[in-house]
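> Sequence:
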Amino acid sequence: MKTKTGLPVPVIFSLMISVLMSSFSALADDPVRVQDNKIKLSIGAYVVAEADTYFSLTERDVGLGISISPHDTLGTDFEQSVFQLDGSYRFNEEDAVKVSWYKISSSGGNEVSKEFTWLDEDGNEITIGAGSESSSKLDFEIVDLAYLWTFYNSDKVELRASAGLHITRLGIEIEVTNTGTSTKTTGERVAVTIPLPTFGLGVSYHITPQWRWHAQANLFAIRYDDWRGSYSDVEFLLEYQPADNFSVGMGVGSNKLKLTEETSDHIFSFDNRLTGFLFQISTMF
Numbered sequence: 477m478k479t480k481t482g483l484p485v486p487v488i489f490s491l492m493i494s495v496l497m498s499s500f501s502a503l504a505d506d507p508v509r510v511q512d513n514k515i516k517l518s519i520g521a522y523v524v525a526e527a528d529t530y531f532s533l534t535e536r537d538v539g540l541g542i543s544i545s546p547h548d549t550l551g552t553d554f555e556q557s558v559f560q561l562d563g564s565y566r567f568n569e570e571d572a573v574k575v576s577w578y579k580i581s582s583s584g585g586n587e588v589s590k591e592f593t594w595l596d597e598d599g600n601e602i603t604i605g606a607g608s609e610s611s612s613k614l615d616f617e618i619v620d621l622a623y624l625w626t627f628y629n630s631d632k633v634e635l636r637a638s639a640g641l642h643i644t645r646l647g648i649e650i651e652v653t654n655t656g657t658s659t660k661t662t663g664e665r666v667a668v669t670i671p672l673p674t675f676g677l678g679v680s681y682h683i684t685p686q687w688r689w690h691a692q693a694n695l696f697a698i699r700y701d702d703w704r705g706s707y708s709d710v711e712f713l714l715e716y717q718p719a720d721n722f723s724v725g726m727g728v729g730s731n732k733l734k735l736t737e738e739t740s741d742h743i744f745s746f747d748n749r750l751t752g753f754l755f756q757i758s759t760m761f
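Numbered per this note's numbering, the sequence shown spans residues 477 to 761.
These are computed hints drawn from the structure, not numbers from a lab.
Treat each hint with caution, since some may be false.
[To be verified] Straight-line C-alpha distance at most 25 Å; calculated BS3-like pairs for lysine-lysine:
id: 1; residue 1: Lys632; residue 2: Lys574
id: 2; residue 1: Lys516; residue 2: Lys574
id: 3; residue 1: Lys579; residue 2: Lys613
id: 4; residue 1: Lys732; residue 2: Lys574
id: 5; residue 1: Lys613; residue 2: Lys732
id: 6; residue 1: Lys579; residue 2: Lys732
id: 7; residue 1: Lys514; residue 2: Lys574
id: 8; residue 1: Lys632; residue 2: Lys514
id: 9; residue 1: Lys516; residue 2: Lys579
id: 10; residue 1: Lys632; residue 2: Lys516
id: 11; residue 1: Lys613; residue 2: Lys734
id: 12; residue 1: Lys579; residue 2: Lys734
Start from the sequences, fold in the hints, and give me the full structure.
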């Protein structure tokens, strides 16, 4: 898929990384300022460049059925947004804790472009005709508490691993008014999980006293009650700190969520992928 600039997203990623790595080589001899701040608070948001969403809901005896794309099947152009809040506390050079909150929201409404089969709230199979009016909404939230261990730290490079727990909440709502009738069909899927493990790896590189870059990958699996699935979040951020207690950052990020709910009556599957440009502001003290 291409962005509004006409370039594929992977090409943009490659160009950004090439430019950054060139600047790192040129600035590698600059001195690095020692960071004494123990607390860091950050707020960030994505400008979504690429988004793919698919889901299906069928009777168990039928199987997984046909995967539905809200854009292709419902005629919906999802407006997607991603927000995140982070707070960390560093005990010493090796040990720290971090709390993160992520929220992914998608919503849209339009005329159904082609006929498809769905299930109503009672689990009965219904046919949604072309031309029906639809509205869809997705909310996905996670709260992540992690311990960070820096296992390598030099004047330039910091390598770290993380492990912790996350709590996940997913809400999906679809409302359709069938053509030629006044009947509305509403389906809502909500899942809340108990704390489950999460793992991550990260690297930070100090270019100058004010400039540094960070790369971070977080992974976790969901397996609770009737639900199973996985989530991954990868970020590359270039950060500029003009003052002791303030910094701004920009970069690229990608996250993927895949979930399946399997009960005695139905099978529900959901797959959401987002790639975009990340903007972040932070304060530290």
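> Against each hint, give a clear statement of whether it holds in the structure.
Here's how the hints hold up against the structure:
1. Lys632 to Lys574: 22 Å, holds
2. Lys516 to Lys574: 9 Å, holds
3. Lys579 to Lys613: The given pair, whose Cα atoms are some 13 Å apart, holds under the 25 Å limit.
4. Lys732 to Lys574: 21 Å, holds
5. Lys613 to Lys732: Holds. Lys613 to Lys732 sits at ~17 Å (cutoff 25 Å).
6. Lys579 to Lys732: 13 Å, holds
7. Lys514 to Lys574: 11 Å, holds
8. Lys632 to Lys514: 19 Å, holds
9. Lys516 to Lys579: Since the Cα atoms of Lys516 and Lys579 sit roughly 20 Å apart, the hinted pair holds (cutoff 25 Å).
10. Lys632 to Lys516: Status holds; Cα separation ~20 Å.
11. Lys613 to Lys734: 17 Å, holds
12. Lys579 to Lys734: Holds, because 16 Å separates the two Cα atoms, which is no more than 25 Å.
Checked against the numbered hints given earlier, this structure breaks none of them.
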